[in-house]
Amino acid sequence: GEDVEQSLFLSVREGDSSVINCTYTDSSSTYLYWYKQEPGAGLQLLTYIFSNMDMKQDQRLTVLLNKKDKHLSLRIADTQTGDSAIYFCAENTSGTYKYIFGTGTRLKVLA
Amino acid sequence: DSGVTQTPKHLITATGQRVTLRCSPRSGDLSVYWYQQSLDQGLQFLIQYYNGEERAKGNILERFSAQQFPDLHSELNLSSLELGDSALYFCASSLHPGSDADTQYFGPGTRLTVL
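Which chain is which? The protein sequence lines are A and B, in order. This note's numbering runs 1361 ahead of the 1-based position in the first sequence. This note's numbering runs 173 ahead of the 1-based position in the second sequence.
The hints are simulated quantities; they were obtained by calculation from the structure and are not laboratory data. Each statement offered as a hint is correct.
Lysine-lysine pairs mimicking DSS-like chemistry, simulated, CA-CA at most 30 angstroms apart:
| id | chain 1 | residue 1 | chain 2 | residue 2 |
| --- | --- | --- | --- | --- |
| 1 | A | K1428 | B | K230 |
| 2 | B | K230 | A | K1459 |
| 3 | B | K182 | A | K1459 |
| 4 | A | K1459 | A | K1417 |
| 5 | B | K182 | A | K1469 |
| 6 | A | K1431 | B | K230 |
Derived Cβ-Cβ restraints for the label pairs, each shown as a range:
| id | chain 1 | residue 1 | chain 2 | residue 2 | range |
| --- | --- | --- | --- | --- | --- |
| 7 | B | S238 | A | Q1420 | 41 to 49 angstroms |
| 8 | B | S252 | A | R1421 | 42 to 50 angstroms |
| 9 | B | L212 | A | L1406 | 18 to 26 angstroms |
| 10 | A | Q1405 | B | L203 | 18 to 26 angstroms |
| 11 | A | Q1405 | B | P243 | 25 to 33 angstroms |
| 12 | A | G1376 | B | E227 | 43 to 51 angstroms |
Going by beta-carbon spacing under 10 angstroms, a handful of chain B positions derived as facing chain A:
| id | residue |
| --- | --- |
| 13 | V177 |
| 14 | G231 |
| 15 | Y278 |
| 16 | G280 |
| 17 | R284 |
Glycine included, every Cβ here is placed at the ideal spot set by N, Cα and C.
Make a model of the complete structure from these sequences and hints.
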């Protein structure tokens, strides 16, 4: 199948770390992306990782990739109320034109 | 601001009507993607164009069509509209689809409401 799966909701307290999980299906060389969608807005690219990498860090964001389990996670350190949004993971097989998006995880940050 | 523009921002119309949504990609990007986002179906890929040619097709209904013009802007035409077509329609653009680390940049979307 071509499903990218995510849990629908996550709630964390301000200052805690958030971990948003995603599983993908493609077994060939793949780019995996994280996008953020704030209310009423489009999707904003946060970061991406290639499937031959295990980890990528960018300021408060850490992406971890478990290739064996086809599991991708996005960790947000010191979560702030401004991080409240829907987070989408997406996969794109290198050399193809097709992107597959997950259902999105709605992150709610409690003050 | 992603550099991708979409018009109109909001559109309200009646069942059976036809509408056209417009997208201008980021400067230099050759490829345009269209997506539909509804509450119950998440983000669905509709269709992709590269330099004026259709390159990939997703879950696009036969009532829907799209094209990309020589100046690289794209239009999505939705006809015989039904209540279920109410959704957010996003356009995204990218520079080198199919190449390594090609990333898509999304426009702000057009919210279509069919009454």
